[in-house]
Each structure stands twice: as structure tokens, then as C-alpha cells.
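*Asks:* Sequence:
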Amino acid sequence: MAGAAEEIRVGERVVRVSSPDKPYFPERGLTKLDVVRYFLAVGDGILRALRDRPTMLERWPRGVFEGAKIATRQDNRGDAFYQKRLPAGAPDWVRTAHITFPSGRTADEVAPSELAVVIWAANLGTLRFHPWPVSAADVERPDQLRIDLDPMPGVEFAQVVPVAHEVRAFLDELGLTGYPKTTGGRGLHIYLSIEPRWSFGDCRRAVLALGREMQRRLPDLVTTTWWREQRDRPVFVDYNQMSRDHTMASAYSIRPTPRALVSAPLAWAELDDARPEDFDVVSMPARFAERGDPHAGLDEGRHSLEPLLELADREGLEAPPER
DNA sequence: GATATGC
DNA sequence: GCATATCAACGCCGG
DNA sequence: CCGGCG
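The numbers in our numbering rise by one with no breaks, and the one at position 27 of the first sequence is 27.
Since the hints were made in silico from the structure, they are not lab data. Misleading hints may appear alongside valid ones.
As the list claims (entries may be wrong) - With a cut-off of at most 20 Å between alpha-carbon atoms, the simulated EDC-like pairs for lysine to aspartate or glutamate come out as follows:
1) Lys22 x Glu300
2) Lys22 x Glu66
3) Lys22 x Glu12
4) Lys84 x Asp138
Said to hold, decoys possible - Now the in silico label distances, taken between C-beta atoms and shown as ranges:
5) Asp172 x Ala68: 20 to 28 Å
6) Ala5 x Gly67: 21 to 29 Å
7) Glu270 x Ala68: 28 to 36 Å
8) Leu174 x Glu318: 19 to 27 Å
9) Arg287 x Asp220: 32 to 40 Å
10) Arg302 x Gly104: 24 to 32 Å
11) Glu166 x Pro87: 35 to 43 Å
12) Gly175 x Ala107: 45 to 53 Å
13) Asp273 x Phe65: 15 to 23 Å
No residue lacks a Cβ here, since even glycine has one placed at the ideal position from N, Cα and C.
All chains should be modelled from the sequences, with the hints used to inform the complete structure.
*Replies:* Below, the structure written as C-alpha cells:
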């Protein structure tokens, strides 16, 4: 019978997938079950990106179709929505982390401990996962520094690449190792494992210091100006991404656009020839099977933030008020 | 997508 | 049993 | 109150 729910074994768990034939990316002919199979195929990778991190779900339970939009604060209606708090009816093996928002309000957010949690979330229509840069073990001290190279409208991925190389060179000078990934759009994210010893404020200040250094080195390419109107350079280093409650879509997350592009972890050697549009729900499983996860080493060496904080101090950087 | 309700 | 409604994000700032 | 900011 078409449309019957399926039960999929994931490790020790059995996860129900309802409406497996439902079109999720109609232009690509991809169904909800195809999405589930994608996440299974990149399982080790996406679990590495999410494990034990408080994670916001971006749910598209009606699929991605022409004109579909996500609900916002002022417009409740929407075909999709973000979900910070644990969905009602979750199995008891879905773990959470208790996180605190800037206002002081709190929430119990999903913190995936095993791949079955990812698949359970996929059944709820989750395409993108937005993990905090912290572990459930210490939700106040980031263990990951995230650098967001955000191209302005009309700027191509290729223009971000030289900035990424300069970031890598600078990190290398400081003895730090970053790991790049495409966003699935035109941007690039660079992640760095750090010891969980510093506050969100210090981490944000560290990324601001790095951004300002890039601005000095590549004045024609880089801006760190928050206000769009004043961003007169092609690449914005978004240091506010290290603010509390700010998250980036994880590696292997699926963009809610017709082509089903995904955020693709890269080796540095791949960067010059990489094309974000080559990585999607269909192509990524083979790539992952062949070469594994380029971010496999991300957590192996945790770095000190001191070099960047010393730079921030030398520059007299105060983190501007967060907005 | 899941749940609660009302018929 | 089926149809219908409801819910599922964070917050601050400036005009 | 609404729009801008991610």
C-alpha cells in the first residue's frame, strides 16, 4: 500500500517514518524517505556535527515547494518553522540540554546523542540542524569557534575563497587549525575546536579580532561592519555568529531550496576547485562513502583562545553591543 | 508532523 | 473514524 | 507599531 509508514532500524532504535512517499523536493523528485536515507548515508558526519550539542530544528513538514516560507515572529503562518524546545511526544531516548537565552529565559533543546535522534527529527520534517557551539556538558562555554564568511548580495563563492585562504594562513601563524565547509549557498564557514574555557563574549571578541585582522590584510575584500548599508566590501566576517543563541546550519544540513544543496565539509586542498552547487542530497552520499568526513579531525586538538584574545586586547577591542 | 477536540 | 484547529523561535534597537 | 539584523 502506497504511503504506509515505514519503520527503520537505527542502531538500537526503531524510528517510524510517516508518509515516506511525500514529495519533499518535487523538482528533484526527492521524497521524505529520500531525505531520511540521505541522513543515514552521512550519519557519522552529521552526528559528529551535532553530538551532544543543543540543537534547534528547522522543520519543513510540508516539503519545499514554490512559494513555501518559514514562519516568523510577526507572521505566525508559514509552511515551515524553527523549533527550539523539545517537540511534544519525543521518545524517551531523545536527550536534551538546558540552555539559557540572552534574556535569561531558558529551554530544553534537543541534544542528539545518537543517529536515531537525527532520523527521528528528519521524520518531523527537519532539513536543517542548528547546533550551539557548546556541549551539553557545559552550555556556558563554547568548545567551538565559528567563523562565518558571508558574501554580500551578488558576490560569488569564488570571491570568498581568497578570504578563506587568508583566514587559514592567519590561524596557522597562531598555531590554530580551522576546518572549512560550504553553507550550500555562496558562503563559507570555518570551524575551530577550542578548550571550553571562555565565555560567549570572549569567543565573539576573538572572532571580531580575527575579522579585523582580515580587514587589515584584505581591505578590498573584507568588512566587519554590522550594518548592511555600510558594508562596502564583498565579504562580511559575521562575528555576531558567536553570540549566545546564535547558530549556524550544521555540516550536512539540507538547504530548504529546490535543488536540495547541502552544507559540505571540505579539505583545504579542495577549496579552490569546490563548487557549492555540486554538493546536494543526491551527490553527497557517494562522496561521503568514498572519502569520508573531511571534518573527522575537528575535535582532535582543542586550541587555546589566548592568541586571538591577546590580539583583541592589543587592538583594544570591545565587543560592540549585540544586535 | 503530532496532538487534542468535537461530532 | 474523520475533520478541524492548534502548535512548533530567539530579542533588541531605532524610526 | 513596524522593519532591520542573523
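*Asks:* Decide, hint by hint, whether the structure agrees.
*Replies:* Going through the hints against the structure:
1. A hinted pair counts as satisfied when its Cα atoms are at most 20 Å apart, and Lys22 with Glu300 does not qualify at roughly 40 Å.
2. Only pairs whose Cα atoms come within 20 Å are accepted, and Lys22 paired with Glu66 is accepted, the gap being roughly 15 Å.
3. A threshold of 20 Å between alpha carbons decides the hint, and for Lys22 with Glu12 the separation of about 26 Å lies outside it, so the pair is violated.
4. Between the alpha carbons of Lys84 and Asp138 the distance comes to roughly 18 Å, so the proposed pair stays at or under 20 Å and holds.
5. At roughly 42 Å, the beta-carbon separation of Asp172 and Ala68 lies outside the given 20 to 28 Å, and the hint is violated.
6. Separation of Ala5 from Gly67 is about 28 Å and conforms to the stated range, judged on CB atoms against 21 to 29 Å.
7. Against the hinted window of 28 to 36 Å, the Cβ-Cβ separation of Glu270 and Ala68 comes to about 32 Å, which satisfies the hint.
8. Checked against the given bound of 19 to 27 Å, the beta carbons of Leu174 and Glu318, roughly 21 Å apart, stay inside it.
9. One distance hint, 32 to 40 Å for the beta-carbon pair Arg287 and Asp220, holds here, with the actual separation near 34 Å.
10. Judged by the Cβ atoms, the range 24 to 32 Å given for Arg302 and Gly104 holds: they are separated by roughly 29 Å.
11. Judged by the Cβ atoms, the range 35 to 43 Å given for Glu166 and Pro87 holds: they are separated by roughly 42 Å.
12. Between Gly175 and Ala107 the Cβ separation comes to about 36 Å, which falls outside the hinted range of 45 to 53 Å.
13. Distance hint check: the CB atoms of Asp273 and Phe65 are about 33 Å apart, inconsistent with the given range 15 to 23 Å.
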